[in-house]
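Going down the list, the protein sequences come from chains A and B. Numbering-wise, the first sequence is residues 10 to 591 according to our numbering. Numbering-wise, the second sequence is residues 695 to 1030 according to our numbering.
Hints were generated in silico from the structure; no laboratory data involved. Hints should not be assumed to be uniformly reliable.
[Claimed, not checked] For lysine to any residue, the following SDA-like pairs were computed, each having C-alpha atoms within a straight-line distance of at most 20 Å:
id, chain 1, residue 1, chain 2, residue 2
1, B, 717, B, 1013
2, B, 866, B, 722
3, B, 1014, B, 864
4, A, 464, A, 18
5, A, 51, A, 358
6, A, 51, A, 404
7, A, 51, A, 361
8, A, 464, B, 861
9, A, 464, B, 717
10, A, 51, A, 464
11, A, 464, B, 921
12, B, 717, B, 1004
13, A, 464, B, 863
14, A, 464, B, 924
15, B, 1013, B, 718
Computed from a prediction, not measured in an experiment: that's the story for all the values here.
One letter stands for each residue in the lines below.
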Amino acid sequence: MARSTPERNAIRSLVWLLVIIVGLIAANGASVLFNNGQWTPKLALDLEGGTQIILAPQLASGDQVDQEQLEQAVAIIRQRVDAGGVSEAEINTQGGENIVVAIPGVPDPATIERIQSSAKLEFRPVLLADLASNQILDDPEATDEDSVDGDATDEAATDDEAAEGETAEPTPSASPTDASDPAWITEELQREFDTFECSSLDVVGANVAPVDEPLVTCEADGSIKYILGPVEVEGEAIADARSGLIASSTGVTTNEFGVFIDFNEEGTAQFREVTERLVSLTGIRNQFAIVLDGRVISAPRTISAITDGSPQISGNFTQESAQVLADQLKFGALPLGFEVQSSENITATLGLSQLQSGIIAGLIGIALVIGYALIQYRALGGVIIASLVIAGIVTYLIITYLSNQQGYRLSLAGVAGLIISIGVIADSFIVYFERIRDELRDGRRLDGAVEAGWKRAFRTILISDVINFIAAAVLFVLAVGNVRGFAFTLGITTIVDLVIVALFTHPMMQLLGRTRFFGGGHPLSGLDPKALGAVYRGRAQFRQPQSVPAVKRASSSREAQRRQTIAERKAAEARGEGEDAR
Amino acid sequence: MSMLTRVGNDLYTGARSFDFVGKRVVWYSIGAAVIILAIAFTALRGGFVFGIEFRGGSEFRVTGSSAAIEGTAAATSIAVDAVDEVVTGANPRVSIVGSDSVRVQTEQLTPGETDELRAALADAYGVTQADVASSFIGATWGADITRQALLALVVFLLFASVVMALYFRTWKMALAAIVALFHDLIITTGVYGVLGLEITPAAVIGFLTILGYSLYDTVVVFDKVRENTSEDGVESRRTFAQSVNLAVNQTLVRSINTSVVAVLPTAAILFIGSLLLGAGTLRDIALALFIGTLVGTYSSIFLAAPLYVHLRENEPEVKKQGSRQKAARPESGAVR
Chain A
10 MARSTPERNA
20 IRSLVWLLVI
30 IVGLIAANGA
40 SVLFNNGQWT
50 PKLALDLEGG
60 TQIILAPQLA
70 SGDQVDQEQL
80 EQAVAIIRQR
90 VDAGGVSEAE
100 INTQGGENIV
110 VAIPGVPDPA
120 TIERIQSSAK
130 LEFRPVLLAD
140 LASNQILDDP
150 EATDEDSVDG
160 DATDEAATDD
170 EAAEGETAEP
180 TPSASPTDAS
190 DPAWITEELQ
200 REFDTFECSS
210 LDVVGANVAP
220 VDEPLVTCEA
230 DGSIKYILGP
240 VEVEGEAIAD
250 ARSGLIASST
260 GVTTNEFGVF
270 IDFNEEGTAQ
280 FREVTERLVS
290 LTGIRNQFAI
300 VLDGRVISAP
310 RTISAITDGS
320 PQISGNFTQE
330 SAQVLADQLK
340 FGALPLGFEV
350 QSSENITATL
360 GLSQLQSGII
370 AGLIGIALVI
380 GYALIQYRAL
390 GGVIIASLVI
400 AGIVTYLIIT
410 YLSNQQGYRL
420 SLAGVAGLII
430 SIGVIADSFI
440 VYFERIRDEL
450 RDGRRLDGAV
460 EAGWKRAFRT
470 ILISDVINFI
480 AAAVLFVLAV
490 GNVRGFAFTL
500 GITTIVDLVI
510 VALFTHPMMQ
520 LLGRTRFFGG
530 GHPLSGLDPK
540 ALGAVYRGRA
550 QFRQPQSVPA
560 VKRASSSREA
570 QRRQTIAERK
580 AAEARGEGED
590 AR
Chain B
695 MSMLTRVGND
705 LYTGARSFDF
715 VGKRVVWYSI
725 GAAVIILAIA
735 FTALRGGFVF
745 GIEFRGGSEF
755 RVTGSSAAIE
765 GTAAATSIAV
775 DAVDEVVTGA
785 NPRVSIVGSD
795 SVRVQTEQLT
805 PGETDELRAA
815 LADAYGVTQA
825 DVASSFIGAT
835 WGADITRQAL
845 LALVVFLLFA
855 SVVMALYFRT
865 WKMALAAIVA
875 LFHDLIITTG
885 VYGVLGLEIT
895 PAAVIGFLTI
905 LGYSLYDTVV
915 VFDKVRENTS
925 EDGVESRRTF
935 AQSVNLAVNQ
945 TLVRSINTSV
955 VAVLPTAAIL
965 FIGSLLLGAG
975 TLRDIALALF
985 IGTLVGTYSS
995 IFLAAPLYVH
1005 LRENEPEVKK
1015 QGSRQKAARP
1025 ESGAVR
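So here's chain A without its partners, still in its complex pose (with noise of 0.2 Å):
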């Protein structure tokens, strides 16, 4: 073996090494540059404070969530997001059904307000209408009526019918008809009706029924309640919504807002159908509500059949409370109702002290590891500490890129994982030293208890490395919340692991078995053949460490080897020779 090819080897593993770095580098500063990137990685809000909010879907039982449906519902919540000014905002699906929110500092409770009503939009026809229990009777004012005409007439709402309570229809015990059919109140129905509490909707937010089956409900400020028909259209249907002054039919603008939806062609057929039933209906049942949340937020009375999907609402609207509900058709058009798993709001002293916490861990779990090195390995920990900290800038290097780039945000639990990982790189070294050395003990010279040691060790070290990257990546798959921080660096170190040990900590150990101190095996370069076992003793036989490898196979004095036939104990002997080559 030409004496001069390892060493080529690990210069050229060198210059890899050196190329990744540099273009690491150049990656970073090319962000920094021109994609307004930094050097330091984004730090994830329960280091930097803020608040994460987590809203998972609201299903009806067996359901499962559409990966379109969730996308349409981030984007949704991301325009509601921004159009509240908070900047920043960072709006990610997770576990395949959940939508995170997370928002730096502490936002206001408007923000909040908006992210959570993103719910989801439906329109049902009023069967049955009450007054809320706790509700007093002589305020009829409070119901809010509101009325929808196609024609852009200005006639504001007039009288509350439901205010007046209509009591039970008769109950028919026909199956149901249409939407409307007052069948859909059974006698189950009309009890849950009686007993139902408008302060039941607070607690959970969950009142979900199936789009074909009633619904009971009540107004959104708990002053009405209400059994509504099958959905008839969904919040899907609406193209846009928008808050105006209302012209009147000779095209003069009133002083009056009201709110303009337009629907797209599904909606038309479908609102057309609707409303060509509802105004031939009287009483109650002439209305439909507008279902968002659960929660019923108008109720307007039809005044005309809306043929071309251009309905407008009009009633005691002030421009604000037009907005607000042209807003809530428009953006609570949601495929899917949400509800707030989880809110979490970290402070930014919290956060600051819980960086400065896992540095501090880290600082102290680096010292520990380089302590135990030195003591274990002599010199050679210098090549342990000179790998770490080579280790430590590519993967900083390659956290920043990603922070740039991919908008990854470093967490606590991505600190602990790179913090748990600075264990896992020096277990690499460890093995990889400990085969040296027992190469050594075997009686090789260093440069071939180097060569031969990386052979076997670097099996080792991949195959427990791929374990610790399925591990990795499988956690960063399927897990949610802040195992997926933890999961990232960790899979990122161990692939920055196999890297430095193949171009970095291999190659040193090359070089350095070519100086005298550790070539010669002084007693603290850690690789002193006196002290790991003046004698080989492999396979029940002393021999002396000077004995040259070739003729040690060759000689092998295996009891069972005696035994052999020619023919085996040669074949016998090209495999230790073969082995010897490795």
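Fit chain B to the given chain A structure using the hints.
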């Protein structure tokens, strides 16, 4: 050279040898006993104590309050008074976190109540509202984490088993490694159950990370086992069990070194986490990992390797290896 290196030399040559494989009944019994005790004590204590993420509720953290320094009792009475002012029957649980923070956990509050209580707590502890962090966790959040964690566990086990079976070219090593893994997981969660420590999502992260570490450690040992045993043919003087035992002894120093090095940073997080931050992400991850790493190292040596021998022992080829040796010994005396 350190003592460990000398021991390492002796272990490598076989001058000193611990009988890991031979006394396996003892190790099995210890493992089984610890597992039974862990389950029994956990059951006696009334099961695991789950964190607020699993129960659902509201949590407040007050930082920079002098009351925290005065002790739990003082901090608790302040918090209880503040909570009672805002809501009744919220059942507050108060703990000191780190050096100057108080954590107050209550039943789930409405957003309005949360704001009120934040103001009340800031007032009671004499800090600004910015120093009071509030969290609200729905009870389903923890259930979600648990479900995903269990899914991750199953998927990981499948993947890792296949990779190990392919790499070692025998499913028996994979099986032995996975049995050892379950041993580690049960004992680590058992420690939480027995001591009544709160199981938080961060602790669950710790448990999941044990998966990776426990196998990592076992794989390092098995790699040497494979190397030693694959060199043995039918003609080997050593029985299969002896070969495995030698391999375990030869990797013992490595196992100790890797475990110490893995445990040191974990211990640093545990120490700093408990000292500066108190109950929180860092401490919970580190505690689970600390226990798991130690148990994992033990199980790789004392359980996985003997178990592997147990699984392979009755294979015809492996049996032959042993019988040959018995037959060879008396003969060898005669030849010499």
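Going through the hints against the structure:
1. Distance restraint check for residue 717 of chain B and residue 1013 of chain B: the Cα-Cα separation of roughly 19 Å lies within the 20 Å cut-off, and the hinted pair is therefore satisfied.
2. Restraint check for residue 866 of chain B and residue 722 of chain B: the C-alpha separation of about 17 Å stays at or below 20 Å, so the hint holds.
3. For the proposed pair residue 1014 of chain B and residue 864 of chain B, the alpha carbon gap of about 19 Å is at most 20 Å, so the pair holds.
4. Note on residue 464 of chain A and residue 18 of chain A: the hinted pairing holds, with a Cα-Cα distance of about 14 Å set against a maximum of 20 Å.
5. A threshold of 20 Å between alpha carbons decides the hint, and for residue 51 of chain A with residue 358 of chain A the separation of about 17 Å falls inside it, so the pair holds.
6. A distance of roughly 14 Å separates the Cα atoms of residue 51 of chain A and residue 404 of chain A; the hinted pair therefore holds under the 20 Å criterion.
7. Distance restraint check for residue 51 of chain A and residue 361 of chain A: the Cα-Cα separation of roughly 13 Å lies within the 20 Å cut-off, and the hinted pair is therefore satisfied.
8. A distance of roughly 16 Å separates the Cα atoms of residue 464 of chain A and residue 861 of chain B; the hinted pair therefore holds under the 20 Å criterion.
9. Of the pairs offered as hints, the one joining residue 464 of chain A and residue 717 of chain B is violated, with about 33 Å between alpha carbons and a cut-off of 20 Å exceeded.
10. Restraint check: the Cα-Cα separation between residue 51 of chain A and residue 464 of chain A comes to about 39 Å, which exceeds 20 Å; the hinted pair is violated.
11. Of the supplied pair hints, the one linking residue 464 of chain A and residue 921 of chain B holds, its CA atoms being roughly 12 Å apart against a limit of 20 Å.
12. For a cut-off of 20 Å, the pair hint linking residue 717 of chain B to residue 1004 of chain B stands: about 12 Å separates their Cα positions.
13. The straight-line distance between the Cα atoms of residue 464 of chain A and residue 863 of chain B is roughly 19 Å, inside the 20 Å bound, and the hint therefore holds.
14. Taking the CA atoms of residue 464 of chain A and residue 924 of chain B, the gap is about 16 Å. The hint holds against a cut of 20 Å.
15. With a C-alpha separation of about 18 Å, the suggested pairing of residue 1013 of chain B with residue 718 of chain B holds against the 20 Å cut-off.
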